[in-house]
Amino acid sequence: MAEKNLEPIIKERRVFITGNEAVAWAGVAARADIMYGYPITPQNEIMHYWTRLAPKYGKGFLQTEDEISAGFATVGGVLAGKRAFTATSGPGNILMQDSMSMAEMMRIPTVMIITQRGGPSTATVIYSQQETTLTCFGGNGEGIRIVYSTASHQELFDYTIKAFNTAWKYRFPTFVLGDGYQSKMRESLTIYDPVERGIELVPAEPFLGKGGVAGLDRPPVHLRNTYNMEDELYEVVRELVDAYNAVAHEIVEYREMETEDAEILIVAHGIVSRAAEGAVARLRKDGYKVGSFRPITLRPFPAEQLRKCADRAEKMLVVESAEGQLKKLVTDAIYGSTTPIETLFRPGESITVEEIISAVKGL
Amino acid sequence: MDKLREAYVGEYASGKSEIAINRALELHRQGRKVRLVDLDLVEPFYTLRPIKKELEDKGLEVIAWNTGEIIGLGETGTLLKPEMKWALKYGGDVILDIGYGVKGVKVINLLEGLEDERPLKVYAVINVARPMTSTVEEIVEYISTLGKVDGLINNSHLGEETDEEIINEGAYIVTKAAEKLNTPVIATTVAREFAHLVGDKDCMGNPVKILELHMKKAFW
Numbered sequence: 000m001a002e003k004n005l006e007p008i009i010k011e012r013r014v015f016i017t018g019n020e021a022v023a024w025a026g027v028a029a030r031a032d033i034m035y036g037y038p039i040t041p042q043n044e045i046m047h048y049w050t051r052l053a054p055k056y057g058k059g060f061l062q063t064e065d066e067i068s069a070g071f072a073t074v075g076g077v078l079a080g081k082r083a084f085t086a087t088s089g090p091g092n093i094l095m096q097d098s099m100s101m102a103e104m105m106r107i108p109t110v111m112i113i114t115q116r117g118g119p120s121t122a123t124v125i126y127s128q129q130e131t132t133l134t135c136f137g138g139n140g141e142g143i144r145i146v147y148s149t150a151s152h153q154e155l156f157d158y159t160i161k162a163f164n165t166a167w168k169y170r171f172p173t174f175v176l177g178d179g180y181q182s183k184m185r186e187s188l189t190i191y192d193p194v195e196r197g198i199e200l201v202p203a204e205p206f207l208g209k210g211g212v213a214g215l216d217r218p219p220v221h222l223r224n225t226y227n228m229e230d231e232l233y234e235v236v237r238e239l240v241d242a243y244n245a246v247a248h249e250i251v252e253y254r255e256m257e258t259e260d261a262e263i264l265i266v267a268h269g270i271v272s273r274a275a276e277g278a279v280a281r282l283r284k285d286g287y288k289v290g291s292f293r294p295i296t297l298r299p300f301p302a303e304q305l306r307k308c309a310d311r312a313e314k315m316l317v318v319e320s321a322e323g324q325l326k327k328l329v330t331d332a333i334y335g336s337t338t339p340i341e342t343l344f345r346p347g348e349s350i351t352v353e354e355i356i357s358a359v360k361g362l
Numbered sequence: 000m001d002k003l004r005e006a007y008v009g010e011y012a013s014g015k016s017e018i019a020i021n022r023a024l025e026l027h028r029q030g031r032k033v034r035l036v037d038l039d040l041v042e043p044f045y046t047l048r049p050i051k052k053e054l055e056d057k058g059l060e061v062i063a064w065n066t067g068e069i070i071g072l073g074e075t076g077t078l079l080k081p082e083m084k085w086a087l088k089y090g091g092d093v094i095l096d097i098g099y100g101v102k103g104v105k106v107i108n109l110l111e112g113l114e115d116e117r118p119l120k121v122y123a124v125i126n127v128a129r130p131m132t133s134t135v136e137e138i139v140e141y142i143s144t145l146g147k148v149d150g151l152i153n154n155s156h157l158g159e160e161t162d163e164e165i166i167n168e169g170a171y172i173v174t175k176a177a178e179k180l181n182t183p184v185i186a187t188t189v190a191r192e193f194a195h196l197v198g199d200k201d202c203m204g205n206p207v208k209i210l211e212l213h214m215k216k217a218f219w
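The listed protein sequences derive, respectively, from chains P and W. Using numbering that gives the first Met the number 0, you'd call the opening residue of the first sequence number 0 and step up by one each time. Using numbering that gives the first Met the number 0, you'd call the opening residue of the second sequence number 0 and step up by one each time.
What the hints contain is simulated information worked out from the structure, not anything from laboratory work. Just so you know, not all the hints are guaranteed correct.
30 Å max Cα-Cα, derived DSS-like pairs, lysine-lysine [what the hints assert, rightly or not]:
no.	chain 1	residue 1	chain 2	residue 2
1	P	Lys284	W	Lys216
2	W	Lys32	W	Lys80
3	W	Lys216	P	Lys360
4	P	Lys10	W	Lys175
5	P	Lys284	W	Lys32
6	P	Lys55	W	Lys32
7	W	Lys80	P	Lys58
8	P	Lys10	W	Lys179
9	W	Lys215	P	Lys360
10	W	Lys102	P	Lys10
11	P	Lys55	W	Lys102
12	W	Lys216	P	Lys55
13	W	Lys105	P	Lys58
14	P	Lys55	W	Lys52
15	W	Lys105	P	Lys55
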């Protein structure tokens, strides 16, 4: 990485901003070189603030003609050795899946921020957790990607920085899955320079246009996303899946609260996990033996860790602002567990602490 | 009595709407006729729309869309409601809540009656805990993009973590920026919850106004 990239660029301090701005600042902090994007609510201010910051910090920005183009331009930027990212939501997330599939196939370390809005289709510009399945498994492949589901502005900042490192270290497309609430809410967080905190930034390098003679001075670069034969493809996908599974345990992140003696285990991700943790705190005061489990990585999923908590509990309650998209991940992860699963599904709508408390009391 | 016409402008999430509402209610409590206008055509979130009825019940005349009426959400902007264009033609005080940034301010040019003998005062709301308006230089640069500004308001806070330090830091930086811009500091604003941290004047001698918070309910 160029020396200039290691100079401190952000003074560490508490700030009061929206989640979208936190992402734009994290892009600067992570030494991202360029953002490609196309406007869609509730993502717009990531672009908007990036375009305000970009000239000050010598960064690039390109607004493309649509999200298909923004996704592929991000892949192209990465191939040229740029720390490139994009951000989108809802229908834009659908349009970017083709390029992200390509990134999976060719192991291109793209970074993409998702601000989930209501679905299906154009639906609302407000909020949901209905892009969980799409973001985890959206391509015409096997979901060979990393998905962080954030719950606060601080996490949007931290995990956007981390996403660049994870992507460039493991060479899988990496997603930060937020939502309209996190995008638009205002709360305080600490912005900082990761280099000053001693966080090593995994360097970017060009995939194409390397010097020397291929095959003589260096191995040839051979990036393919198309194959002639079934068995040829099978071998490639097998290798991809094996490579992904081999490092999954290093990438997995989760958060438990009061699970040790929990009879009731609430499972939630993203911003809904904040309501779940709020409910646990209040229910514990009332003597309920309740705990919560939050997968931070949805891909790879913390299956073993959830399984341990699930086996200890008498009942599970899966809570999400979607109609069972998290639950599919949960049931797949704990297949064979006999702990009954109850649900609180509110597709496209918020879920409050009080609603979770009343659902727990009604079990 | 002179009728007032005031517009509140500033950065995204700086507190423009909260201050516009509090100003409108302050004038209403003085027995004045007050019209509050939602001129935020930039952002569909955190506008006056969700709390329109609540504010009308408090005695304000509110010109705003109802959330269910609007079309073209977000990146497409919001339509100007016909009554908004004529909002300044009013026998009482008019308070305008403007969308963020340079584009937001341009909405003022769409209004009829700007050349009226009563001048429209434009006040910029500043929170120094926002990283693009955190220093004197940044504020001066930012304000110069907005065009005519008649005064600054120090609304520096850190949400629930607000303390005396951030309020005072804001008062100091905003006052210094105002000196450079040769414009007055209208007030330092502080949420009711933190009123005990301040007196009638801030550390720089600017008047302090206490805010009742209404916008928390205005997400959508």
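To see whether the hints hold, each was checked on the structure:
This hinted pair checks out: P:Lys284 and W:Lys216 have alpha carbons roughly 28 Å apart, not beyond 30 Å. The suggested pairing of W:Lys32 with W:Lys80 holds, with an alpha-carbon distance near 21 Å, which does not exceed 30 Å. Of the supplied pair hints, the one linking W:Lys216 and P:Lys360 holds, its CA atoms being roughly 27 Å apart against a limit of 30 Å. Between P:Lys10 and W:Lys175 the alpha-carbon distance is near 21 Å, which keeps this suggested pair within the 30 Å criterion.
With a CA separation close to 49 Å, the supplied pair P:Lys284 and W:Lys32 exceeds the 30 Å bound. Our distance criterion of 30 Å between C-alpha atoms is broken by P:Lys55 and W:Lys32, whose separation comes to about 46 Å. Restraint check: the Cα-Cα separation between W:Lys80 and P:Lys58 comes to about 38 Å, which exceeds 30 Å; the hinted pair is violated. Using a Cα cut-off of 30 Å, the hinted pair P:Lys10 and W:Lys179 holds, with the two alpha carbons roughly 24 Å apart.
Taking the CA atoms of W:Lys215 and P:Lys360, the gap is near 28 Å; set against the 30 Å cutoff, the hint holds. For the hint pairing W:Lys102 with P:Lys10, the CA-to-CA distance comes to about 28 Å; that is within 30 Å, so the pair holds. For the proposed pair P:Lys55 and W:Lys102, the alpha carbon gap of about 20 Å is at most 30 Å, so the pair holds. The suggested pairing of W:Lys216 with P:Lys55 is violated, with an alpha-carbon distance near 35 Å, which exceeds 30 Å.
In summary, the hint linking W:Lys105 to P:Lys58 is supported, as the alpha carbons are separated by about 28 Å, within the 30 Å threshold. A hinted pair counts as satisfied when its Cα atoms are at most 30 Å apart, and P:Lys55 with W:Lys52 does not qualify at roughly 43 Å. Using a Cα cut-off of 30 Å, the hinted pair W:Lys105 and P:Lys55 holds, with the two alpha carbons roughly 24 Å apart.
Checked against the numbered hints given earlier, this structure breaks hints 5, 6, 7, 12 and 14; the rest are met.
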